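Protein chains: 2
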Amino acid sequence: MQFSQRAQQAPASPIRKLAPLAELAKQRGIHVYHLNIGQPDIPTPQVMWDALRRAKIDVLSYSPSGGIPEFRRALLEYYNRLDLGIEPDHLIVTTAGSEGILFALATVCDPGDEVLVSEPFYANYNGNSVLLGIRVVPVTARPEDGYALPPVEELRASISARTRAIILCNPCNPTGRVYTQQEMETLVALAREHDLYLISDEVYREFCYAETSPRSVLSFPEIADRAIMVDSLSKRFSVCGARIGCLVSRNSDLVGTAMKFAQARLSPPTLGQIMGTAALALPQAFYDEIIAEYRLRRDVVLEELGRIPGVVCRQPEGAFYVMAKLPVPDAEAFVRWLLTDFQLEGRTTMVAPGDGFYATPGAGASEVRIAYVLCEDDLRKAMAVLAAGLRAYQPAEAAAQESD
Amino acid sequence: MQFSQRAQQAPASPIRKLAPLAELAKQRGIHVYHLNIGQPDIPTPQVMWDALRRAKIDVLSYSPSGGIPEFRRALLEYYNRLDLGIEPDHLIVTTAGSEGILFALATVCDPGDEVLVSEPFYANYNGNSVLLGIRVVPVTARPEDGYALPPVEELRASISARTRAIILCNPCNPTGRVYTQQEMETLVALAREHDLYLISDEVYREFCYAETSPRSVLSFPEIADRAIMVDSLSKRFSVCGARIGCLVSRNSDLVGTAMKFAQARLSPPTLGQIMGTAALALPQAFYDEIIAEYRLRRDVVLEELGRIPGVVCRQPEGAFYVMAKLPVPDAEAFVRWLLTDFQLEGRTTMVAPGDGFYATPGAGASEVRIAYVLCEDDLRKAMAVLAAGLRAYQPAEAAAQESD
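Heads up: the protein sequence lines correspond to chains A and B, in order. In this text, residue positions in the first sequence follow our numbering: the first is 1, and each later residue adds one. In this text, residue positions in the second sequence follow our numbering: the first is 1, and each later residue adds one.
Don't read these hints as lab results, they were simulated from the structure. Quick caveat: nothing in here was measured; it's all calculated off a predicted structure. Hints are not guaranteed to be accurate.
Since copy identity is lost for identical chains, a pair holds within one copy or between any two.
Here are the simulated EDC-like pairs of lysine to aspartate or glutamate, each with C-alpha atoms no more than 16 Å apart in a straight line [unchecked claim]:
(1) Lys-325 x Asp-83
(2) Lys-56 x Asp-41
(3) Lys-381 x Glu-303
(4) Lys-325 x Glu-206
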């Protein structure tokens, strides 16, 4: 029995495929610091649990395919506080950002079509594209440029007759970059020039440590017909397991068309929408406190990385990830080894191998993505494990550096 | 800006597309009996709410892509009570049955491949197929044969070089048929003969009013490598909004391959899995009580349908649907009219137009699917509305029949 080509070609998640090794390590009694996955440790806001407990539900029924009215209203208010001019027919509640990406890609691309992306990029854009028979075409961003958008000539050279969309993540998972006004304008101009959709994953909107906030793709009136925004509550409210997000576009025909896919999966989870309605009423102070905590964590990770010989990285302006180049030829082999053969006082650290965030074969082989989603104390311990692991993994090189 | 071909071709759900008309009717103060959607009115079991309240959760985090361990264990115990011989690497927890169908189709079919199905069939098989670029090839079952599996020669004649799988629903949504031992053996033999996968949607397993229970596709050892079962907790525990189901196959390579798609969407909803763990411990008495209630409802609907002149239907053995042929040329127009232009003492009834359950153009135009998911009293009132609506919609014919 053969499987489909798409199933055979589907990439295993770089974030999740080594999870079984982490489980085995835990079974050996080792504490594993999970910096591999963007799972925040910040408690889910109490108001969300309160809303769930207060809800009088006899039958946990389907919600409307586009989301329950109260939650949709709360989302509209949230986006209009951001001055995005969103109307009810611009929005579909989705089963987290993952489903938003799936619907966006399916609505604008057929099998064999292409989507342009600056790499490294969030691995599941590729996972969803392979599922849909779409080809992700990468243009490589350089660590030494701060993972800035690649030069427009390089982007343009990668556009073919099959290119239907550009996809970006802003603030960027995995690089932490917040795209500048100029970079956004480049993308907007490119989308117009080549008649492309611009799909923007903005789930890290609030996680910005720079002076300038990330600019939503929905804030450019000149591409209102071709801009699609994907969002999620997972990160900002620490509810990754609620599976709630949305797809937003000011092109209401597009949203109406995507709604047919939403109907085919019946409805997004109901309980998460009830919790989400309460979350969206949280004041700015809630965000401020969390952002301050993540800024601290970013600084801790950068400080610790700076102390490890041979590590190359840059200060990210947003999200809660940093890409780091390690002094190893094969970062995945090193990550595996940390889980199977290494410990420091009964502890080890798990990070995500970098090559899974690249579509170009061989790219990112020495890189890892580090999610700074633990408290300062745990982060420092996790980074100490990483540093000790790098010394032990390459004892000759490490010894030479220590004698400097 | 063009949309993709697949998005343009995607069917609107026959179950959900008229929901806006129902909303408008409600805004006019009309009570709408929803027999259009398989949304049970049976209260969600208290043990499930208790489990949710008992759960100590600080951070509502991702679950593993394949489901949380406790819930997976509960599912394995449930299937092994059914003697299905399921091991841990045979199962992926999915975001309800919808996602199980998506993963099953994607794992065995590429764009352009075909899936054979007996029509009428659950409309979302087509919705998911169009999303994935797969073609659903229907073979028409006849109401006068009780929607039995079409003759094997007809099935065989519809198999092409691109056919990769047969999909069935057992007990069947929308016909209520429970396939016989002989029908199942026909499908098993056909799958072996033509090297096809057999995808079986068994979400209505317990909803069986016949003496013989539906036979799971997993119970045929000779097709262990090609049998894929899709399941859901939605119907049996009245938790459609929890979005929890699973994909099961004794072909562990297939499950491992499908797991890559599961990783690409990160995880199924966490809260539903916590509730589901409690539900799966419910005793047989829980099911017995519900089945008795649905058997009563089925009999009520059949009795009431039998009183309406010109209606053709059969007694279904399972699920909670009945297909009925109405004395109207265009059942969708009639269903719309019931919502927009008709009421009986401030009440109207919504059913699902039948043509959406057929892939053959024009088929099922006079049929509707009735979901008997309300209590006896409401069902009788809903059917009275339907009967009165049919009289008012075709006054000449109705008058002629009344004078018989």
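Verification of the hints:
When the C-alpha separation of Lys-325 and Asp-83 is checked against a cutoff of 16 Å, the pair qualifies neither within a copy, at 38 Å, nor between copies, at 51 Å. Only between protomers do Lys-56 and Asp-41 lie at most 16 Å apart by alpha-carbon distance; the minimum there is 15 Å, versus 29 Å within a single protomer. In this assembly of identical chains, Lys-381 and Glu-303 lie within 16 Å of each other by CA distance solely inside one copy; the values are 13 Å within and 71 Å between copies. Taking the shortest alpha-carbon separations for Lys-325 and Glu-206, neither the intra-copy value of 26 Å nor the inter-copy value of 55 Å comes in at or below 16 Å.
Hint compliance for this structure: hints 1, 4 are broken, all remaining hints hold.
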